[in-house]
Amino acid sequence: MFLELLLSVTAPLPAHHAWTVDTGPTQAVAALDDHHIIVCGTAGTSYIANIGGIPHVTHGLHDGRVFVAADVTPAGDLLLLDGEHHTVVVGVGGLLASHDFGSQGNRLTQFNHPTDIASNGHRIAVADTGNRRVLLFDMAGANMGLYDSVDGAPLALPTSVAMSDDGTLFIGDEATHKVYALNADGSHRWTIGGWGKAPGRFAEPSGLDERDGELLVADRLNHRIQAIDAATGKLIDWWGMHALKLREGNGRIHYPEDVAFTSEGCVVAEPFERRIQGFTIGEPDRTAAPTQPTGSQSHFGPRMGLHGRTLVVFEPEIRAFHVFDIDRSTPMLLSTFGEPGDDPGCVQQPIGFAFEDTNEGLLVSVTDAADGDTHTWRLDLPPVDRPRFDVDFVKLLRTTPATHAAAIGPPFKRTSQLPDGRRVALTQLDQLVIGEDERRIVFGDLGTDHGQFWHPTEIVVDHNGRILVLDHGNHRMQFFDGDGAWLMTFGTGRAYTPQNTPSMREDAP
Amino acid sequence: MSPRTMVLLAVLPLAGCQNPTRGFDTRTNDDVYAVHWNTATGREILVDEYFTIHASIDPEPRSVSIDAGMPEHRHGMLHEPSTRRLSHDTWLASDMLFHMPGRWRVQFDITDADGTVHRAESDIVLE
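Protein chains in written order, with my numbering: chain A, 13 to 521; chain B, 1208 to 1334.
Don't read these hints as lab results, they were simulated from the structure. All values reported here derive from a predicted model rather than from experimental measurement. Note that the Cβ used here is the ideal one computed from N, Cα and C, for glycine as well. Hints are supplied without guarantee of correctness; some may be wrong.
[Said to hold, decoys possible] Partial list, computed: chain B residues near chain A (C-beta under 8 Å): (1) Thr1233; (2) Asp1237; (3) Glu1279; (4) Gly1322; (5) Val1324; (6) Arg1326.
[To be verified] Partner residues are not named here, just some residues of chain B that face chain A (Cβ under 8 Å, in silico): (7) Arg1234; (8) Asn1236; (9) Pro1278; (10) His1286; (11) Asp1316; (12) His1325.
Using the sequences and the hints, build the whole thing.
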């Protein structure tokens, strides 16, 4: 027993870059057998592909469903999680769906935006994220219990689950940044993590997989995979360096969303890079990242709030909000507020901005998906003609406890309207469409230059009639006029834009 | 005189002299609660020396949590202080430690009967 454990701890980790598959945004991956993986993309693009880097689709899994996660039992039975219809689909003997169960709600056989599924062939675990719980079922779909807390600590955003052959359940929570292990009888075995960059800590653990006593954790905001001893909860090792430039490969990892063991190592889903990377056994790659990033130094999150000339954007890596004055020739950063944690004024995952002009001044309220609390700040911004940066411009007024703890926010704002009435929208292909008739304008290829986007998440038309695109994947904002002409690109630091802006190329008068 | 100047004038006597102070008065940012606080010993706060805060809060809150950090540096103290109630409106925060010079902000997170948290702040500049 000791020898087995020692072998487990000292075994070489999968860390050599082996192959890459270009995919669309992919949020989950699972190994089907020794030769195939299941890839769950967004918008019903799930499919099965060969292991080894050949982007060969052998079976589409669309069927009108939007699968957000998959798992395969030791017997080879396939489990798929339909996030759109809040349903578990069970396939016996591979792809043949034998039955499904679940609907939207909060009863014991219902889900609210479930995000992950795992099974050992006897029990099924579902991360019921919207209800802040993990549900257990038998293979027929009968409820076997639920966990809404672990060792007295409530689950906040459980988004990943894994299950070992002996029934040990592993839960990853993106709000507490911890991974929990529960024995098959439900008792607490161990907890590891908490917010941080040091090995053994996590920043949004978003994907789990277990095999032979080793648990892999996709540590999303730390851009790495961590390996944990499933028996003890001790860190075995970690690997994968932060990719600083888009499409940087060779073992570098950028926002890993999920991880799965394969017969040769493991695969990592990186929706941000629209790819799957495969890794085989080898020495971990820990090439030091450059101390001075050559690309972006900001990480604009996927949501923004706009009120007049005041733009607020969240930076997930530091759990802080940036306040910009966007009516200047170059938008100016005026203040930064918020910090990691769960204290008043600390927001884990903002799901809604609300501005209000009151007797107290301009207020901005943000609801946090982690606990449903709403935090309200007053923005005492400087006079327009005397702009400067100061952390004191923003004061926390109050934190109001949730009356209804919504873990799932409203949809991203992907449509808006120009002053002349024309509709502006981001398509499923992440292109920007202005207008709806034959004169409509469509642009926005996948890329990093001006007028190109990488995983844009929200758009809004400001009070000057400009179209603001939150180009999340490029860590920047872009402005366009109503005819689609590029106006400006900016971030808190340098943005991912290969070309200088036209205004920068012009000779000074 | 700007409010900021007034705060600095209030802070400087504490930061710059060895005499006991009469403490600080502040209000929550939404003007709901009044806070008067001082070091429990009445002595000035020094870099790298533990101190205790004694705070009176009006009206009586349900609970209070006292902490501190450096706004410009975006970090807090090196460990968590503990806050306990002394009477219906007075609170004690022990194991406070400012481990470096600069501007520190003492935060009072005051929870009302409905569970809403209101924040009051005082700035201290240590040299």
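Can you name, in rising order, the numbers of the hints this structure does not satisfy? Numbers 1, 7 and 10 - these are the hints that the structure violates, sorted from lowest upward.
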